[in-house]
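From first to last, the protein sequence lines stand for chains C and X.
Sequential numbering of the first sequence, starting at 1067, is according to the working numbering.
Sequential numbering of the second sequence, starting at 15, is according to the working numbering.
Because the hints were derived from the structure by calculation, they are not lab data.
Where is the CB? At the ideal position from N, CA and C, for every residue including glycine.
Mixed in with the good hints there might be a few duds.
Said to hold, decoys possible - Short, incomplete list of chain X residues facing chain C, as computed with Cβ under 10 Å:
1) Tyr140
2) Ala143
3) Val149
4) Val172
5) Ile214
Said to hold, decoys possible - These stretches of chain C come out as covered by chain X in the derived footprint (C-beta under 8 Å, 3 or more residues):
6) 1134 to 1142
7) 1171 to 1184
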Amino acid sequence: MNDLTYNIIFYLFAAITVLSAFFVVTNRNIVYSAFFLLFTFFGVAGIYVLLGADFVAIVQLIVYVGGILILLLFGVMLTNKITNVEIKSGTINIYPAVIGVGLLSGALLAALITSTWKTFPTEAPLPTTAALGTMLIQEYALIFELLGIILLIALIGAASIARREA
Amino acid sequence: MMYDFLVDLFGNSTLADIIAGTIQSILPLFVFILPFALFAVYLERKVSAHMQDRLGPMRTGWHGWKQTIADIIKLIQKEDIIATDNDKLLFNLAPIVVFVGSYAAFAAIPFSSYFIGTELDLGIFYIVAVTGLVVAGILMAGWASNNKYSLLGSMRSVAQIISYEIPTILVMLSLVMISGTMSLHTLSEQQTGYAWNWYIFGGPGMTLSKFLLIPSMFIGFLIIYISTLAEVNRTPFDIPEAESELVSGYHTEYSGMKFAMFFLAEYANMFAVSAIVVALFLGGYQSPIGYFGDLIGASWMIPIEQFTWFTIKGLFFVFVQMWLRWTLPRLRVDQLMTTSWKYLIPIAFVNLIIIGLITLL
Chain C
1067 MNDLTYNIIF YLFAAITVLS AFFVVTNRNI VYSAFFLLFT FFGVAGIYVL
1117 LGADFVAIVQ LIVYVGGILI LLLFGVMLTN KITNVEIKSG TINIYPAVIG
1167 VGLLSGALLA ALITSTWKTF PTEAPLPTTA ALGTMLIQEY ALIFELLGII
1217 LLIALIGAAS IARREA
Chain X
15 MMYDFLVDLF GNSTLADIIA GTIQSILPLF VFILPFALFA VYLERKVSAH
65 MQDRLGPMRT GWHGWKQTIA DIIKLIQKED IIATDNDKLL FNLAPIVVFV
115 GSYAAFAAIP FSSYFIGTEL DLGIFYIVAV TGLVVAGILM AGWASNNKYS
165 LLGSMRSVAQ IISYEIPTIL VMLSLVMISG TMSLHTLSEQ QTGYAWNWYI
215 FGGPGMTLSK FLLIPSMFIG FLIIYISTLA EVNRTPFDIP EAESELVSGY
265 HTEYSGMKFA MFFLAEYANM FAVSAIVVAL FLGGYQSPIG YFGDLIGASW
315 MIPIEQFTWF TIKGLFFVFV QMWLRWTLPR LRVDQLMTTS WKYLIPIAFV
365 NLIIIGLITL L
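Okay, chain C solo, but in the shape it has when bound (with noise of 0.2 Å):
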């Protein structure tokens, strides 16, 4: 691919990302806040993938737009339609939080600007899947199995509070 391409197709998803990550942000209705993280997580997916990071960039759409996205409109829609009770979605504390998130950002764009970035010439990047996948199993497979286990005993949790009846 051409290096030009690459950049447009690079800002194309940047753009896509931040504007509606503004718009999650700024966005009064709940459930359009809800809709505008769909096209967040997608940009950031086009970004992985523009980074080489094909497996991530899959998981991340399986994760957060298969998985997380659809678990939260089904709470907002639920919540906010049928159930009488609004969810507001309005501002407080403006001071506080516009000098955390100034002393944030300025802190986040000193390091922008004085660190020495390694860089590397372009390449075509090699498929991450099979090498990921050998990783976790010999190198980190104790750590690998925790998370299952982890995981599983999170899934039995949510299970059992969500069942009422004793």
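On the provided structure of chain C, position chain X as indicated by the hints.
Coordinates of chain X only, in the frame set by chain C:
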């Protein structure tokens, strides 16, 4: 491959990249999905008619072959109705999101060894991931319609798709274990030669494990076919659009071209799931009896033959979907969930373990 050829044709610049990418990405739509949808709608009406001892459309053209074209023209002319209480933005966006989700799957489907949208290393995984976009689109449509039937239909649809994704992924996983790849292109290439090398018959090679795999592969094939049928909301799993209960589910409020987009997405999905099943189990684009092009030494004929075989296999499973639709009654909601969680998922898990043990041999 096609993309490299196009880039060379337009002279290797950024513009060439963009032009080649655009052609590559819209080609399946215009060359394949639109004609397929026209043909499939006609086929569906004819199949249903003959199964019920009727004739179906007969008046326009020979055996009514022009009927779908007339219907499409009618659909384009229809007024685009948006009710006052619909959520305008999401209502307009939903058909596009649904169609993009189902069309994106075509990027990883290998039509022949020469044409595949993109030769992804993660083919199957990618298809599973972009299906998530369809789910979000359906929820969007149901909510924005501001209609009880639509919302109920979309909720049912989402619950169904998410439940049936699990057995589908488990069967895909067992194939990934055997073949060692997630790319649909590589999977198809592995099943080259004769029908005996297809994964439903245990895959290529003449080893002991191949024969041990055959029963598991048949079970896996049945599970994935049933669950993909549920994922595209076809009868007997069409409770999201059960006419007698929900009018027509999440697209009740849609008319004109927006309805047409849902319709097109549904037919594209029907072919996509058949194509996935074909690519995983039935050799993809590979011919079961060897190539005519090989026989007479004309290698340029092979991709054309492969495309023909792929279309024939895909259409056969689309036909089976229609056949089932007019044969089986619709399941109840609880029966639907029982089928997935209490039967398909446990069987798929046991099958996965058995296949894993055989692969270790």
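Consistency of the hints with the structure:
no. : hint         : verdict
1   : Tyr140       : 6 Å, holds
2   : Ala143       : 4 Å, holds
3   : Val149       : 6 Å, holds
4   : Val172       : 6 Å, holds
5   : Ile214       : 25 Å, violated
6   : 1134 to 1142 : holds (count 4)
7   : 1171 to 1184 : violated (count 0)
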